[in-house]
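*Asks:* Following the hints, complete the assembly by docking chain Z onto the known chain B.
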Amino acid sequence: MENKIVTLGIDIGSSNIKLVLMEYSENPIILDKKVEKIRKRNSAEVSYQLINDILEKNNLKYEDLAYLASTGEGEMLLRKKGHFYSMTTHAKGGAFLYPGSLTVVDMGSLYVRAISINELGRVLNYKMTGQCASGSGQFVENISRYLGLAIEEVGDISLKATKPETPSGICAVLAETDVINMVSRGITTPNIIKGIHLSIANKIIKLLTSVKAKSPVILTGGMAMNHGMVQAVEELIEEGKLDLKVHAHPDSIFAGAIGAAIWGGFRYYKLNN
Amino acid sequence: MYICKKSLIIYFLQQNKIYDLEPLKDILSKCEEIAFDLDFTRAKEWKSQDKKRVIVGYMPIYFPREIVHAANGLSVGILGGGDKKMIIKGDAYYQSYICHMPRSIIELALDGNFDEFDGFIFPSICDVIRNLSGTFQILGKGKFAKYLDYPQNFKSHIGGEFYEQELQHILDEIYKINQIKVTPARLNESIRLFNKNRQLTREIYDIRQKFPWRLTAADVYHIVRAGYMIPVEEHNAILENVIHYIKEDINQPLDKIRVVVMGAFCEQPPIGLIKTIELAGCYVVEDDFLLGARWIQKDIEEIKSENKLLSTLSYAFLNNSTFSSTIYDVDNPKEGRLLELINRRNVDGIIFAAPSFCDPALLDHPILQKACEENDIRYVSFLYNENTGQFKVIKEQIGTFSDSIKLWD
Numbered sequence: 078m079e080n081k082i083v084t085l086g087i088d089i090g091s092s093n094i095k096l097v098l099m100e101y102s103e104n105p106i107i108l109d110k111k112v113e114k115i116r117k118r119n120s121a122e123v124s125y126q127l128i129n130d131i132l133e134k135n136n137l138k139y140e141d142l143a144y145l146a147s148t149g150e151g152e153m154l155l156r157k158k159g160h161f162y163s164m165t166t167h168a169k170g171g172a173f174l175y176p177g178s179l180t181v182v183d184m185g186s187l188y189v190r191a192i193s194i195n196e197l198g199r200v201l202n203y204k205m206t207g208q209c210a211s212g213s214g215q216f217v218e219n220i221s222r223y224l225g226l227a228i229e230e231v232g233d234i235s236l237k238a239t240k241p242e243t244p245s246g247i248c249a250v251l252a253e254t255d256v257i258n259m260v261s262r263g264i265t266t267p268n269i270i271k272g273i274h275l276s277i278a279n280k281i282i283k284l285l286t287s288v289k290a291k292s293p294v295i296l297t298g299g300m301a302m303n304h305g306m307v308q309a310v311e312e313l314i315e316e317g318k319l320d321l322k323v324h325a326h327p328d329s330i331f332a333g334a335i336g337a338a339i340w341g342g343f344r345y346y347k348l349n350n
Numbered sequence: 005m006y007i008c009k010k011s012l013i014i015y016f017l018q019q020n021k022i023y024d025l026e027p028l029k030d031i032l033s034k035c036e037e038i039a040f041d042l043d044f045t046r047a048k049e050w051k052s053q054d055k056k057r058v059i060v061g062y063m064p065i066y067f068p069r070e071i072v073h074a075a076n077g078l079s080v081g082i083l084g085g086g087d088k089k090m091i092i093k094g095d096a097y098y099q100s101y102i103c104h105m106p107r108s109i110i111e112l113a114l115d116g117n118f119d120e121f122d123g124f125i126f127p128s129i130c131d132v133i134r135n136l137s138g139t140f141q142i143l144g145k146g147k148f149a150k151y152l153d154y155p156q157n158f159k160s161h162i163g164g165e166f167y168e169q170e171l172q173h174i175l176d177e178i179y180k181i182n183q184i185k186v187t188p189a190r191l192n193e194s195i196r197l198f199n200k201n202r203q204l205t206r207e208i209y210d211i212r213q214k215f216p217w218r219l220t221a222a223d224v225y226h227i228v229r230a231g232y233m234i235p236v237e238e239h240n241a242i243l244e245n246v247i248h249y250i251k252e253d254i255n256q257p258l259d260k261i262r263v264v265v266m267g268a269f270c271e272q273p274p275i276g277l278i279k280t281i282e283l284a285g286c287y288v289v290e291d292d293f294l295l296g297a298r299w300i301q302k303d304i305e306e307i308k309s310e311n312k313l314l315s316t317l318s319y320a321f322l323n324n325s326t327f328s329s330t331i332y333d334v335d336n337p338k339e340g341r342l343l344e345l346i347n348r349r350n351v352d353g354i355i356f357a358a359p360s361f362c363d364p365a366l367l368d369h370p371i372l373q374k375a376c377e378e379n380d381i382r383y384v385s386f387l388y389n390e391n392t393g394q395f396k397v398i399k400e401q402i403g404t405f406s407d408s409i410k411l412w413d
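Protein chains in written order, with the working numbering: chain B, 78 to 350; chain Z, 5 to 413.
Possibly wrong hints are sitting among the right ones.
Computed footprint of chain B on chain Z; a stretch qualifies when at least three of its residues, placed anywhere within it, have a C-beta under 8 Å from a C-beta of chain B [what the hints assert, rightly or not]:
(1) 251-261
(2) 283-291
Simulated crosslink set (DMTMM-like; lysine to aspartate or glutamate; CA at most 20 Å straight-line) [as the list claims (entries may be wrong)]:
(3) B:Lys347 with Z:Asp413
(4) Z:Lys399 with B:Glu100
(5) Z:Lys89 with Z:Asp43
Don't read these hints as lab results, they were simulated from the structure. Backbone N, C-alpha and C define an ideal beta-carbon position, used for all residues, glycine too.
Bound-form chain B, shown alone (with noise of 0.2 Å):
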């Protein structure tokens, strides 16, 4: 590999869209990234601003991208020039952030995914959550809201709890039955959240186990940015007594936008030789 290039990254979820511009070469560097939530915009169209807005701040215009990538719900992106699947994007972000990781827990807004990777990213083997939205970061946002709390307050409460007390695991709706009726009996909001977060960990560690997953094990997506979230998976690894240890990264949110500029600049050289 020759010369450096530059790639961008996005991942459309579908709470948050995030970008991350790469320069691309043996060793690939994040030259920047950025986040923002959607909030009930047109998805498309924030996008196409944040990718002038990345392109301007770094004093870029769109023809020096060697290749854009998107993934997550990017498909009908007009800019892009190619799309990976959020599963092949994970998996690279996660060999990334945490170089040697063998597994890689996907904690999004809609979905939990666990991906056995090998040590280059390429994804082994894989399981994901069902439809129900009560495995997701999506429930998670929904009670934080309904107790009267930001999104970024949830992890540090969690770890305050005392006597975690954990809602149906079944069902979204059932769920938030359940923590209605756990606030209507004075459980304080630590131990509620704490609770919530436990049933999510209990779905992961399931995931984990269906895949036969290798330690380590990097956790991304929106999720892994929660501190409660990650605790309450370390203690049901310990309390099952699993070989397992698990990373977080602060760009773990980015993981998707990463791998896609990864695998965008490999693909530009694959093309072009």
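*Replies:* Same frame as chain B, but now just chain Z:
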């Protein structure tokens, strides 16, 4: 012009300046409307203009439409109700282990959507279609319901003779309705029109082979399916118009794999499925949707004075047919023809998409997949129904398939 290097705004400004794509959009939207018109409005309107006109409905896969055209008729493709028809009565006619298409055809028939149709052709695809032809006869739909047996012997004096007799039987039925005798001159005119129709359709596929980003697979599907619903003269005009636009350097190329979709020759995939395949990272450069429109691979010769009336149609069927699960092909096996097609279309992989419970497709897939494995050709397979509405799992399968070819091969 390598458009993706331009900024989006400039790109569209250039597009608007150089190519006005609005007329193409109008054609595509008109085709979509015609293609899924379950009331067959245009066909009925066409018939109402002349008392001697007839409408003949035909089921998949192939039927030589030329003979109906020559007999002052319009052959209309009956491809089921897709995801646009709620099945209430149709389910009572078929067991749960039977495919979906006959249920929606029965539903359409019972709801009176075919009331102005004069006859129905049921080409020999499988037992379910044979059963459907019997049901139409019992229900008294149309003035005739003909189960058209394809010859499975490809010698002209055996299979050819038989096929000509089958077609003559249809002409006799139409004659009873409108007393129009098909002459060589009338049939030659029809052959010329349908030859042109096939040439134009092939040209669209050939352009898409080279530049698949100029027209989506769903657009091509709508265009070809519209031809099942309207007079061939009108469809030829549409095809010529489309070709005019897609010969230009329009739309932006994307980094996708090139695939063939096989198995969808009878019960048609929902349009959402075709869109999902392309959204998930594939360009469909070849398929067997609406296979009847491209069944005959070369021009059919016109009849000369010394020929029998139906001899050139028969010759074309015996010698220039494409391959399909419904044709006995021991002398020219379909797996070899699939491999030849893959080479010709320069594809990266195959998507085997078959309707649930479609015996012809599902019995052939292991043979075709074995040939793929022996030749290191990547493939993925799944099942669908014509009314499937959820594509999340299929999108995942195809997205992963596309990524694996792009990134790991």
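*Asks:* Honestly, which of those hints from before does the structure not fit?
*Replies:* The structure conflicts with hint 4 only, although it agrees with all the remaining ones.
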